[in-house]
Amino acid sequence: DTSVASTGQNIASLMYSMQMTGYMFRNAEYRRSLMESLKGGGSTVLPPVDEVGASLPEVSGQIKVKLSADSDTEVEAAAYMSELRNEVEQLRHQLLQTRESTLEAQGGGLLAYIQSLGRENIATLTSSISQDVLDGMKLLIESILRDADVGGDTFMETSGDKLRELLVWQLVTGYKLRELEAREELNKLLQ
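Position 12 of the sequence shown, counting from 1, maps to 12 under my numbering, and the rest follow consecutively.
Any given hint could be a false lead.
Derived lysine-lysine pairs resembling DSS-like cross-links, with alpha carbons at most 30 Å apart [as the list claims (entries may be wrong)]: (1) K162 / K176; (2) K39 / K138; (3) K176 / K188; (4) K66 / K39; (5) K138 / K64; (6) K162 / K138; (7) K188 / K39.
Calculated directly from the structure, the hints in this document are not laboratory data.
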């Protein structure tokens, strides 16, 4: 079993970091969920070319196509339109595949979504935290350290398993604090 030795101040900082990480994870989940609902699910799929093409008038005759700066050729308009429609269908298929792979990457987990945000946007996940939540985090940390009889500069030693349990608990606490904060924000909006 691993043993961890540190000061109360370092443990407090670690606990606070885990709470903020939990808060950030829940906020990222909210944002990702909102973005998905705003996109409207499957409504982003483009209509097939057949549906679009059915509403287009038939073309006939010859058209002149410029192949390069010094080369022109005449082709059947209907054949040329058919070729363009096939090309559009291929591009739509590629676009759909790209969207699906992007969604899979995001659906691959919350971490993938957070990584896709970039450094600037990650900071916004915790920038709107209320003073009440910050005070709650601080009070919880102080209470835990006081119950363990550990002060700021007091040296302490604990098992790795106990520290892991404490940190997971802090992660979940930050997550739940964001849920409570969001619920309170919604209640205020609805009143």
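(message) Flag every earlier hint the structure violates by its number, smallest first.
(response) The structure conflicts with hints 2, 4 and 5, although it agrees with all the remaining ones.
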